[in-house]
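First to last, the sequence lines map onto chains A and B. Residues 811 to 1369 in the numbering used here are what the first sequence lists, from first letter to last. Residues 537 to 795 in the numbering used here are what the second sequence lists, from first letter to last.
Calculated from the structure, these hints are not laboratory results. It is possible that part of the hints are untrue.
[Unchecked claim] Facing chain A, according to a computed beta carbon distance under 7 Å, are these residues of chain B, among others:
| no. | residue |
| --- | --- |
| 1 | R617 |
| 2 | Y629 |
| 3 | F631 |
| 4 | T633 |
| 5 | D639 |
| 6 | F640 |
| 7 | D643 |
| 8 | I644 |
| 9 | K652 |
| 10 | D671 |
All C-beta atoms in this analysis are idealised placements derived from N, C-alpha and C, irrespective of residue type, glycine included.
Listed here are the chains, written in short residue letters.
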Amino acid sequence: MKWKNVVRLISVETKSGRLIRGQRLRRYRESRVFQYLLYGGACVLGLAIGLAIGSFYNGTSDSELKSLIYQGAYHFFPSLPTLILISSMVFTMMAQIQRAGVRFSIQPQYWLPITWEEHTLASTLAHIIGAPLVSIILVGSAIAAFSIFLGELPLATFTISASLASAFLASTTTEIFRVLQVRLTGAVYKASGKAAVWVRFIGSLLFLIAFYVVWFALTSGAGFVSLIEVVAGGQEAVWFIPYLWLGLTLASFMSGLLAQTIVFLLASLLFILVLFYVAVGLNARFGLYEPPAITVSRGVYAPKVGLLGKLGFSSLEAAVIRKDFKAFTRRRELMYIFIMPLVFILMPLMQQLGILGEPPATESSRFLFAWILLGPGVIMAVMLGTMIIGEEGGAVWHFFSSPITARSLVKCKYAFIVIFSCVVTLVCGVVGILVTCASPDITVALLIESILLIFALGAVSLGAGIRGADFTEVPRPRMVRPLTVLVTMLLCLILASAIFSPLLLHATTMGYLTIPVNLPKINLYVAVSISAVIAAVIAFVFYRIALENAKEFLIKAEI
Amino acid sequence: MVSNGESAVELRRVAKRYADIVAVDYIDLDVKHGEIFGLLGPNASGKSTTLKIILGLIKSDSGSVKVLGTNAEEDPVAVKRQVGYVPETPRLYEFLTGLEYLDFVGDIYAVEMSEKKMRIEEHLEALDLEGREGDMISSYSQGMKQKIALISAFLHKPKLLILDEPLSGLDPKSARIVKDLLRKLATHDVTTIMSTHILEIAQAMCDRIAIMYEGRLLALGNMEELRQKARLPGSDLEEIFLRLTGTGDIREVVEALLK
Chain A
811 MKWKNVVRLI
821 SVETKSGRLI
831 RGQRLRRYRE
841 SRVFQYLLYG
851 GACVLGLAIG
861 LAIGSFYNGT
871 SDSELKSLIY
881 QGAYHFFPSL
891 PTLILISSMV
901 FTMMAQIQRA
911 GVRFSIQPQY
921 WLPITWEEHT
931 LASTLAHIIG
941 APLVSIILVG
951 SAIAAFSIFL
961 GELPLATFTI
971 SASLASAFLA
981 STTTEIFRVL
991 QVRLTGAVYK
1001 ASGKAAVWVR
1011 FIGSLLFLIA
1021 FYVVWFALTS
1031 GAGFVSLIEV
1041 VAGGQEAVWF
1051 IPYLWLGLTL
1061 ASFMSGLLAQ
1071 TIVFLLASLL
1081 FILVLFYVAV
1091 GLNARFGLYE
1101 PPAITVSRGV
1111 YAPKVGLLGK
1121 LGFSSLEAAV
1131 IRKDFKAFTR
1141 RRELMYIFIM
1151 PLVFILMPLM
1161 QQLGILGEPP
1171 ATESSRFLFA
1181 WILLGPGVIM
1191 AVMLGTMIIG
1201 EEGGAVWHFF
1211 SSPITARSLV
1221 KCKYAFIVIF
1231 SCVVTLVCGV
1241 VGILVTCASP
1251 DITVALLIES
1261 ILLIFALGAV
1271 SLGAGIRGAD
1281 FTEVPRPRMV
1291 RPLTVLVTML
1301 LCLILASAIF
1311 SPLLLHATTM
1321 GYLTIPVNLP
1331 KINLYVAVSI
1341 SAVIAAVIAF
1351 VFYRIALENA
1361 KEFLIKAEI
Chain B
537 MVSNGESAVE
547 LRRVAKRYAD
557 IVAVDYIDLD
567 VKHGEIFGLL
577 GPNASGKSTT
587 LKIILGLIKS
597 DSGSVKVLGT
607 NAEEDPVAVK
617 RQVGYVPETP
627 RLYEFLTGLE
637 YLDFVGDIYA
647 VEMSEKKMRI
657 EEHLEALDLE
667 GREGDMISSY
677 SQGMKQKIAL
687 ISAFLHKPKL
697 LILDEPLSGL
707 DPKSARIVKD
717 LLRKLATHDV
727 TTIMSTHILE
737 IAQAMCDRIA
747 IMYEGRLLAL
757 GNMEELRQKA
767 RLPGSDLEEI
777 FLRLTGTGDI
787 REVVEALLK
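Taking the hints into account, I'd like the entire structure generated from these sequences.
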């Protein structure tokens, strides 16, 4: 294995972050300070946290508290590799879901003289860069600093090394999952024939649901604390699971069991090695596997006017809306848009059903209903608005070369955002009504409110999405510049508060919310009417801004 | 060159810079109605930028662009309605099937329903894509994608075709069909401007050829006029091209590479 090749491949992966729209790429100079800022920041923050806890530990005279902190650390250290394993698995899997659906065989590493070992190692390590590495640096530097006060620096060093190995283990597992998933889904598509598109869509949704149910169950509220307790106390009982061997190595080391430490350490290293070579073998066999062609339609071609045409959209606008609908149900990397409504429905449902601990008291149902009804559609409108232009990727030339006006572009994209988000709101509303049995007046008011928010915030985010679009597609579609997302989210939060404030006022005066100030009573429908006026003004102003941005976007034609 | 009022495309003193790089350097160009016009030049000579300026994809820094009697910078949408365009590396919507993609393009250009159906079916049959039209484009070969891009450019019966490397990746039969189709369209007054690096194709197909180099027009005319300009009577387009662009003395370069 040539290590230089591995390093070069990793750097290719990390440098893909340079391709952000609007950056001058000629005579490119990279600020190393900025490149490592995130990791440096995590390290400084971790050290500060560790020193703060350590100083508190040293300074306190309460021996009971001191013992509690020591016991906590004693439980936390051997659990850390397993916790890092779980979180890294989630991060790397999420990154995998968002990867571009384009064929990767077009990338040079497949025809350059690079071995599968080098390729797999680089891919595995590159997955760790980012969120997994940041979390390890943050936690690692915190426990390193704290361990000085405990006099356990060797243990901390061992823990950090085990955490890094755990992240590698998680990333290798994701690599194996990725290759198998491509091969298995290929076989499923082949077997499902014409239904392959829907099999893929429903399969992806089911995967996301399963993934998030497990994730919430493990990490939400008391779940996270109990997870540490379970890992710390229970990993010895299930010692035969190889993924826990790194944690068991640490636990054995802390108990002073030298022989057991060596056995688990060697077993862990062997397991990582075996898993890595399984990944190499699978990559060599299926790495360049091309999934079979998905046949969507057969038979006679019969073009129709369709519902959109009857609703007053021109053929051009209807064509773009139909194309976008197909994009969001067929492109794997766009399907993550459905995560948000799933999260919003699943979390309270799991809470209600007692999966995440004690079910909430019945009086919280009103807020639960508001959460389910308002959240998904509105957040979806904001997300869709920011990404709906950038998701075009390299195919954006169709807009530049076709006779589409700024007015038509904004109209059809806005219509898609509103239609899609309203459907999600209706579905969530039905779920909310079934779960919380909300009263009719609250149901109607919240439904109107969520539609108002969708119209207003959809226009806001669309205007921003046109300006901040990013058409980079490989290795993952960026769709929108990060700064645009941040600014849009903040702006939407402020404007949503403004639209929702009359309803909050109503809730306060009706006693649903308690504040120490006496406010004049406001009728529910008056509150909704005021909200409607605010939303209409915001929607109008930002629709105009979106139009101006679209005009500039079509003139610039950055291709 | 002076416009006689019959040009399909008129460029006057058109210039475009990217920071300190001159992409197009004050060129004048007239392309007549029903002409097959070749735009040649080495890499980064300004061909693609010129084609994009004609289509209104890029705004020139100075000069005027008239396409089919319309100012391309004042009313780009009117120009785009009458133009069929195939970029150098067309990125299609890979999640659509070939048929869905062509249906999408037909609707974008507001092609009437029955005509759209007829034209799509005819073109799919002519370019041997029948039987694969229901498959997602992601499973198509490069040549098949190029065929779909070409059909989408022909679909709305444009008066001007702007084709950047149109025959790239096509099999010999399909390439022949496209060449014959372009010639036939020229007789129906459809103008074609094509850019290609395959000089044999340009020589065989184009009525007139322009050779660009570093953003400037080095030569413009039919084969005979180009031979005269290069002072190479009886020579082919490759020799003329290499002489005019100053890349003729390649023997030394090859020998240096072999060392």
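Hint check:
With a cut of 7 Å, the hint placing B/R617 at the interface with chain A holds, because the nearest CB-to-CB distance is about 4 Å. A cut of 7 Å between beta carbons decides the hint on B/Y629: the least distance to chain A is about 5 Å, and the hint holds. Evaluation of the B/F631 hint against chain A yields a held restraint, the C-beta minimum of about 4 Å falling below 7 Å. Look at B/T633: its Cβ gets to within about 5 Å of chain A, closer than 7 Å, so that hint holds up.
Taking 7 Å as the C-beta contact cut-off toward chain A, the hint placing B/D639 at the interface holds, the least distance being around 6 Å. Among the interface hints, the one on B/F640 holds; its C-beta lies about 5 Å from the nearest C-beta in chain A, closer than the 7 Å criterion. With 7 Å as the threshold, the beta carbon of B/D643 comes within range of chain A, its nearest partner Cβ sitting at about 3 Å, so the hint holds. Hint status for B/I644: holds, given a least beta-carbon distance of 5 Å to chain A, under 7 Å.
Below 7 Å, beta-carbon pairs count as interface contacts, and B/K652 has one with chain A at about 6 Å; its hint therefore holds. Checking B/D671 against chain A by beta carbon gives a least distance of about 4 Å; that is within 7 Å, so the hint holds.
Going through the hint list in order, the structure satisfies each hint without exception.
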